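*Asks:* As a plain string of letters, each chain reads:
Protein chains: 2
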Amino acid sequence: VSELANRVLSGDLRATARLCRLADDRVPGYRDAMKALYPHTRGAWMVGITGNPGAGKSTLVDRLLRLLRAEGVRVGVVAVDPTSPFSGGAILGDRIRMQEHFSDPDVFIRSVATRGALGGLSRSALDIARVLAGWGAKVVLIETVGVGQDELEIANTADSTLVVVAPGLGDDVQALKAGILECADVFAVNKADLAGADAAAADLEHMLSLGADTTVVHGHRVSSVASNSIGERWIPPVLKCVASRGDGVAEILTALRAHRAWLESERGSARRFARAKLALTERLKDALAERVVGENETAIDVLAAKVLSGAVDPYSAVDELLGTNA
Amino acid sequence: VSELANRVLSGDLRATARLCRLADDRVPGYRDAMKALYPHTRGAWMVGITGNPGAGKSTLVDRLLRLLRAEGVRVGVVAVDPTSPFSGGAILGDRIRMQEHFSDPDVFIRSVATRGALGGLSRSALDIARVLAGWGAKVVLIETVGVGQDELEIANTADSTLVVVAPGLGDDVQALKAGILECADVFAVNKADLAGADAAAADLEHMLSLGADTTVVHGHRVSSVASNSIGERWIPPVLKCVASRGDGVAEILTALRAHRAWLESERGSARRFARAKLALTERLKDALAERVVGENETAIDVLAAKVLSGAVDPYSAVDELLGTNA
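Residue numbers (the numbering used here), protein chains in the order written: chain X, 1383 to 1708; chain B, 1383 to 1708.
If you are wondering where the hints come from, they were derived from the structure by calculation, not from laboratory data. As the structure is a computational prediction, the values presented were derived from the model and not from experiment. The reader is advised that the hints may include incorrect statements.
When chains are identical, the list treats them as one kind, so a pair holds in a single copy or across two.
[Stated by the list, open to error] With a straight-line Cα cutoff of 27 Å, these simulated DSS-like cross-link-like pairs (lysine-lysine) come out: (1) K1520 / K1688; (2) K1688 / K1417; (3) K1622 / K1688; (4) K1417 / K1622; (5) K1622 / K1520.
The shape of chain X in the complex, shown without the other chains (with noise of 0.2 Å):
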C-alpha cells in the first residue's frame, strides 16, 4: 500500500488511476494510502467550479485548464456527475471537448458519479482531488452541478469556488442561484454576449448587498464577534466572460488567486478553519454509514421487511439498528 502511495507521489499514472479506483470503491486499506500521501499534498490549491446545468462550467474549466498548462502547471481536474445505471456510471456529456487534455502528460482528468443508497459522493470526491494532488497536480479543478447537498459540500471544502451563472436559463434559475450563492468566493457570470448578462451580474450584485451586513462566511454564518470586521470578509467579485470564445476567462483566474492568497493571510483563518471542519465532518459521517450500514446489512433486511409489515414503525427500527451499534 505504501508503495502504491509512492509510486503516486512519485507521478506514475497507472498507480495514480489505480489509487483513485481504490479510493472511489472504498477498498479496505486505500485509507492507509491516503494517510502516506496526504502531508505531501498540501500545498495543493483545490478549486471548486459549480453552477446551473447550462451555464458553461466545462467550457469555462477547459478554458481555465489551458491557461494553467500554458502556464506549466500540473492540473487534476475532477468531473462530479450523476449517474445513471442504465451508462453504468459517470456521464461524460459535453466534456468530450476536454478530450483533447486527455493526451496532455500534465492533466489528469477523472469523474466521480454519485452512489446508491451509501451515498458518499462528497467523500470521494474530496479523496481523488487529493489522489491528483499526490499525483502531483498543483490545482486541482472540481467541477460539480450546484444544486443538491453533496455538491454543495464538495463546493464549500474547496479552497476556493467559482460560482458559473448564465443569462435565461429559465424560471427556476432565481432560486437555484440563491442555493449556490454562498459557495461562491468569485462569481463568473457566463454568456456575457447574451441579453440579460449585464442584469444578472446587478442582480447578483445586488444579493450580495443584501447579504454584507450579515457576517457571512461562505455558507457558514459565523458569530459575528469572530470575523465581523470588513477587512476579514472576503466580497465575492463578479466577473462577466465569455467562455466558449475565451473572453474575461484570465481576469476569472487572477481573481481566483487572489482569493487564495486572502485565504492563506492571516484574514483568511476563520475561513480555513470552517473549510477544515466541514471536511472533517463529512469524512467521519460518510465512515460512519459506510461502517454501520456494511455491517448491518442482514439486520436491516430484516427490519426491513418488519417495516413493510408494519410490525415495526421506522424510528423504532432505527432505534433497534443503533442499539446494537451503541
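Once you have looked at the hints, place chain B on chain X.
*Replies:* For chain B alone, kept in the frame of chain X given last:
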C-alpha cells in the same frame, strides 16, 4: 408528546405545523411522536415529483393538487428547496402560484430546506411527509429539484415518482435526465406545445428501451433472479402535457394511480422492499450522523485545527474520532 401526536391525528393544523417544525429541527422527543403517529399513516400515498429546474414542476404540482381537491381528497405538499443563508430558509420561488391553496383547509403545504454540515435533507422530507399523512393527507406530493444525491434519495423512497422534463432547457439537460431517469415511475413531458417535445418524448422512450434488458428497479440494480420476469417489471409510461393549461394532467394522475396499484400488488413486492430498505438505511445514517457529530463537536474542532496545522492528516483524525465511538 403523545398528546401532540393525538392532536395531529385529529387533524389539528397548529399541532401539525408544530410537529413538522420539531421534526425539521430534530428537537429531542419528536421521534416518540412519530412512533405514535406512524401506524395510522400506512395508507397514505407518497408521490415524488422531480425534474430539472425550469421543467415546470410547481405548475404541475398545482394542477395535480386541483384535480385531487376536486375529488375531495385531503392533500399534503412537501416542497424541498435549496437553502440560502441570506434569505434564512426555504425559498418559495415560483411557488407563489400555490398561494390559493394555502386557504384550503384540506391542503397542507410545507417547505424543507437544505441543511448545513449535518445534512439530513431526505430524513426531514420523509418525516414531514409522514406528519402530513398523520394529519390526514391521503396523498402527499413531495416536490424536489432532481439533481443531488439527497433529492434522488427522496424520489427513490416515494411510493410513486413522477419525473417532469421539458424541451429546450440547455445542453446539460441530457446528462441530468439520465441521472433522474431511474427514479421515474411515470414521465411527464411538459410544455408539449413547444418545439422539441416529441423529440424529448422519443428520447425518453429510447433510453427506456436501452434499459429494458437490464433489470433495474428504480435506481437499484437487482439480481435478475429476483425480478427478471417482464410481468414483474413496471415500464414507466411517457406522457405529454401542458401543465400551464392543465392539458394531459388527468392522464398523468391516472398513470400514477396505475403505478400505485401495481406497487401494492404481488408484482410490486421487490420494489416495496427496496423502498423500505433505502428509507431505513437513510434514517440510520442520519441518526448516526446526528448522534456522533453532535456528541463530538469539541473533539472535531480540536482535530480540525490539528489538520490545519499539519499535525495530523484527516484520515487519521477520523480514525481517532471513530475510536472514541467504537
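*Asks:* Please go over all the hints and tell whether each is borne out by the structure.
*Replies:* Verification of the hints:
no.: 1; hint: K1520 / K1688; result: between (52 Å within a copy, 23 Å between copies)
no.: 2; hint: K1688 / K1417; result: between (41 Å within a copy, 14 Å between copies)
no.: 3; hint: K1622 / K1688; result: neither (56 Å within a copy, 39 Å between copies)
no.: 4; hint: K1417 / K1622; result: neither (40 Å within a copy, 53 Å between copies)
no.: 5; hint: K1622 / K1520; result: within (26 Å within a copy, 49 Å between copies)
The structure fails hints 3, 4 (numbered hints given earlier, in ascending order).
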